[in-house]
Amino acid sequence: MNPIEIESVQQQLESFIDKDVYVHLETTNGAYASHFDDKAYNVGAYIRNAKVRFSQAKIVGNGKSYRAGLKMEFGWIYAEGLSDWTIHGDNQLLLAGHDREGRLMVSLEISEVPFRY
Amino acid sequence: MEKHVVVIYPHPDDESFGAAGTISEFREKGVPVTYLCGTLGEMGRNMGSPTFANRETLPEIRKEELIKASEALDIELQMLGYRDKTLEFEDLTKVANHLKGILEDIKPSLVITHYPDHAVHPDHNALGAAAVEAVRMMDESNRPIVWAQAITNNYYEDLGKPDVINDIRPYFNKKMEAILAHKSQADGMLGKFKENSEIAADMEEAAKERLGTEQFYIWKY
Ligand SMILES: [Zn+2]
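Sequence lines, in order, name chains G and X.
Just so you know, my numbering puts 48 at position 48 of the first sequence, and the rest follows in order with no gaps.
Just so you know, my numbering puts 6 at position 6 of the second sequence, and the rest follows in order with no gaps.
Derived by calculation from the structure, the hints in this document are not laboratory data.
Be careful, since some hints might not be right.
Said to hold, decoys possible - Straight line, CA to CA, 20 Å or less: simulated SDA-like cross-link-like pairs of lysine to any residue:
#, chain 1, residue 1, chain 2, residue 2
1, X, K63, G, G89
2, X, K63, G, Y117
3, G, K39, G, N29
4, X, K63, G, R103
5, X, K183, G, G102
6, X, K183, G, E101
7, X, K94, X, P122
8, X, K183, G, D99
9, G, K39, X, T152
10, G, K64, X, T51
11, X, K107, X, D139
Bound-form chain G, shown alone (with noise of 0.2 Å):
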């Protein structure tokens, strides 16, 4: 994945507005956490091929750490910490946001077709 660049993620998000998209959201600290520190929690939530559709798509940031809201007919999908960006196969956005050592925080990902596995 690359940094960010905030006019082209901004270009690729307006794709896909107006249509069906499959969209996979994520954030996770890790299975491991409190194993190796009992004072730590494990946190984690995803959503894997959540069919959406959005009229609305913006990211937002500082040259480092990025948000991206997209606007539903009745809700948000809403992701913070994103720094990384591909185009995965045809035309899948993936955003992303990792720590120093390169472990995956947060993730945001956007399909015309589902994502496999």
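For this one, chain G is given, so just place chain X with the ligand on it according to the hints.
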């Protein structure tokens, strides 16, 4: 001597970190070993720095690493096709039946798996429970022995001394070769040992201290 050993763990790399020394010893004696790997570790977090993987490429990368590690250990590999982090939500009886079918095919004399509720990761606990259940459902006369591996911080206090304590230092290089085949995972895990080990001067020493023995409880049916 064992006839055939089946190792049942959920993630690519569990076999290398957990049992590669024990596996190598069996292979050296000519005992066939089959690894039933539950998932592809699809939800792993280590993407490298700079990133070499992303959420969508990770499964393929880990599958290749798993194949390489299996080649290094000279074992048969079967991928079971479950999804990382979801095993505890599957129907335990269904998973157990799936495993039972494979075990009845292979007819192993020994099964190695995680000790349910003492294996930290929910997938470890769930697949361990399914493996134990699969063997329970088998005809008593055909049941393999089950070695269950506990990795919680408090397993010694809860379960007592393990029944099988393998000093695997003679096979340490083989074990490291298998671990390093899981390139996407090895750096993060070995780094963790170093962080958590005050005595060890370098990573190899830390790894040796942490990975030099493999311990198992014999499951009592
Ligand atoms: Zn594991």
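Hints, verified against the model:
As the CA atoms of X:K63 and G:G89 are separated by approximately 18 Å, the hinted pair is consistent with the 20 Å bound. Annotation: proposed proximity of X:K63 to G:Y117 holds, straight-line Cα distance about 12 Å (limit 20 Å). Taking the CA atoms of G:K39 and G:N29, the gap is near 13 Å; set against the 20 Å cutoff, the hint holds. The hinted pair formed by X:K63 and G:R103 meets the criterion: a straight-line CA distance of about 19 Å does not exceed 20 Å.
Annotation: proposed proximity of X:K183 to G:G102 holds, straight-line Cα distance about 13 Å (limit 20 Å). The straight-line distance between the Cα atoms of X:K183 and G:E101 is roughly 14 Å, inside the 20 Å bound, and the hint therefore holds. Under the criterion of a C-alpha separation no larger than 20 Å, the hint pairing X:K94 with X:P122 is consistent with the structure, at around 17 Å. With a CA separation close to 18 Å, the supplied pair X:K183 and G:D99 stays within the 20 Å bound.
Restraint check for G:K39 and X:T152: satisfied, since their Cα atoms lie roughly 15 Å apart, inside the 20 Å limit. At roughly 16 Å between alpha-carbon atoms, G:K64 and X:T51 fall within 20 Å of each other, so this suggested pair holds. With a CA separation close to 12 Å, the supplied pair X:K107 and X:D139 stays within the 20 Å bound.
In summary, this structure violates none of the numbered hints.
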